[in-house]
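Residue numbers (our numbering), protein chains in the order written: chain A, 1357 to 1470; chain B, 360 to 469.
Heads up, a few of these hints could be off.
If the Cβ cut is set under 7 Å, some of the chain B residues that face chain A in the computed set are [said to hold, decoys possible]:
(1) 387
(2) 388
(3) 399
(4) 401
(5) 403
(6) 427
(7) 431
(8) 433
(9) 436
(10) 446
(11) 459
The hints are simulated quantities; they were obtained by calculation from the structure and are not laboratory data. Note that the Cβ used here is the ideal one computed from N, Cα and C, for glycine as well.
So you can see what is in the structure, the chains are spelled out below.
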Amino acid sequence: DTGVSQDPRHKITKRGQNVTFRCDPISEHNRLYWYRQTLGQGPEFLTYFQNEAQLEKSRLLSDRFSAERPKGSFSTLEIQRTEQGDSAMYLCASSSGLGSYGYTFGSGTRLTVV
Amino acid sequence: EDQVTQSPEALRLQEGESSSLNCSYTVSGLRGLFWYRQDPGKGPEFLFTLYSAGEEKEKERLKATLTKKESFLHITAPKPEDSATYLCASSSGSARQLTFGSGTQLTVLP
């Protein structure tokens, strides 16, 4: 297992288009998180899955954002009708929920909306 | 609502010049205080978790400490490869998410 994988690494899209990102967590981790990070800021929580159930969503997650984790494995984050303000790094993390809560983060997907 | 504030925003050190980074937190029912390192264009890399005041953890040139209001990341005799952004985060109550500070961008000059 090579850690948390995210695809694509970079995405440039025109305003108004839909985009989808994929995250493959560490296989034995049942918890999966999405965060968003803008330049010079720390990551901000978006949503959390335990297995296939989406248990928490931030109020940052507008109706244009949707996340899924079918069968409790990989997850997708879709942004509909993208806006320039959606430009950010989208980070996925996973954990086993035991011990130190030290998430393992992926390298992120850098989204640029033009 | 949890609040985490880091200072300074940026720090430049000469190689070998020890210093400390500060993380102040306002949290109801702290479950854990986390430190991460983030290199440009990459995701945060886990360093430490601290659970209670008085706890300390060390890893190579880094030592993290925790009080009831603050955490410090002490860097002893830093090297240029320690240059990165260091992030502090809290977890509290029943929430599973982390609340991050804005980070301290550390530059170590050779």
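Each hint tested on the structure:
1. Hint status for residue 387 (chain B) relative to chain A: violated, with the closest Cβ pair at about 17 Å, above 7 Å.
2. The beta carbon of residue 388 (chain B) is not positioned within 7 Å of any beta carbon in chain A (closest approach about 14 Å), and the interface hint is therefore violated.
3. Look at residue 399 (chain B): its Cβ only gets to about 11 Å from chain A, farther than 7 Å, so that hint breaks.
4. Against a cut-off of 7 Å between C-beta atoms, the interface hint on residue 401 (chain B) holds, since the closest Cβ of chain A lies about 5 Å away.
5. Given hint, residue 403 (chain B) at the interface with chain A, holds; its Cβ is 5 Å from that chain's nearest Cβ, closer than 7 Å.
6. Using the Cβ-Cβ criterion of 7 Å, the hint placing residue 427 (chain B) at the interface with chain A is not satisfied: the shortest such distance is roughly 20 Å.
7. Annotation: residue 431 (chain B) was flagged as interfacial toward chain A, and the flag is violated, the nearest CB pair being 17 Å apart, outside 7 Å.
8. Taken as an interface hint, residue 433 (chain B) does not check out: its beta carbon lies about 19 Å from the nearest beta carbon of chain A, beyond 7 Å.
9. Look at residue 436 (chain B): its Cβ only gets to about 25 Å from chain A, farther than 7 Å, so that hint breaks.
10. The restraint placing residue 446 (chain B) at the interface with chain A holds, with a minimum CB-CB distance near 5 Å, inside the 7 Å limit.
11. Hint status for residue 459 (chain B) relative to chain A: holds, with the closest Cβ pair at about 3 Å, below 7 Å.
Violated hints, listed in ascending order, are 1, 2, 3, 6, 7, 8 and 9; each of the other numbered hints is respected by the structure.
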